[in-house]
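Q: Residue numbers (our numbering), protein chains in the order written: chain A, 1410 to 1478; chain B, 3 to 240.
Hints in this document: simulated from the structure, not taken from any laboratory.
Check the hints yourself; a few may be wrong.
No farther apart than 16 Å at their CA atoms in a straight line, the calculated lysine to aspartate or glutamate pairs in the EDC-like style are these [claimed, not checked]:
| no. | chain 1 | residue 1 | chain 2 | residue 2 |
| --- | --- | --- | --- | --- |
| 1 | B | Lys-108 | B | Asp-230 |
| 2 | A | Lys-1433 | B | Glu-49 |
| 3 | B | Lys-62 | A | Glu-1467 |
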Amino acid sequence: MILYTPLDHNDIFTTTQDQYKKQKMMEVEGRPVLVNCLPDGTYQVVQLLSTNPHDYLESPFQPGEIVNN
Amino acid sequence: MSKSDKSQEEEQKQSSLVDKIQQLGQSSIPTAPDSNIHVLSIIGQIEGHVQLPPQNKTTKYEHLLPQLIAIEQNPKIEGLIILLNTVGGDVEAGLALSEMIASLSKPTVSVVLGGGHSIGVPIAVAANHSFIVPSATMTIHPIRLTGLVIGVPQTFEYLDKMQERVIQFVTSHSNVSEEKFKSLMFEKGNLTRDIGTNVVGKDAVEFGLIDAVGGVKEAMIELNKQIDSNKVNEGMIQ
């Protein structure tokens, strides 16, 4: 892996391994969404990965929304 | 039909209605009309084979590549806008995205907002027409390597080839000459602790790297123009 970026290596890789487990990709209403796993078993939307601009106007995909799955 | 039969039938009807509400509960959300223009946002770090720590905003290329195929296949999508605000990232993932965008048959327009650094440069020039907002910057610098190096000459050669791939892609998809791009890449004195150049909006257009200075309005006008000319061409073939 070669990173081509003006950022320092230490700026990119600062966290410990267990940080990785908190985030995962899942589908919400057919759209791929990056979520944070919350301690109570629900998920919080971090990022929506869709190319349809209208998806970003809909409320279930707004960052911070809680998703039950 | 007896009375009990009738009431049973009614009960069944009601229960199916309840089922539907339970199953489709939230499906009454009004759906927006399909957009004929889709948006691909290249944000934060471009993630490659190694998953980056969650504090980084990342562009996940394994999800973007299938989305680009879907855009190519969907007849309702007529054009694609690529929004860039990236600090670069994995070389191969960035080149993969660039090649995918460059080989789309549908009209593509890119807009560099904020920053389109390092591997963001080939992605920006991959579109049919590229725009940069006046305040955006693009850092052009050599590819570096951190960590343990085993076999210095071989590693150097590998890095040199990797850099050559980036230079080849950029020069073949934009109006910048190889000499000019290399001179920007190895310029001394522009970046405090590094060699390279930080190219700002208008300069990027002057060097031939980006086609024009402009934002959303200009990008939409250009994309609609390309979509229209595409339609005219298709009409002539038929």
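Q: Hints first: check each against the structure and report whether it holds.
A: Here is what the structure says about each hint:
no., hint, verdict
1, Lys-108/B with Asp-230/B, "holds, 11 Å"
2, Lys-1433/A with Glu-49/B, "holds, 15 Å"
3, Lys-62/B with Glu-1467/A, "violated, 22 Å"
Checked against the numbered hints above, the structure breaks only hint 3 and satisfies the rest.
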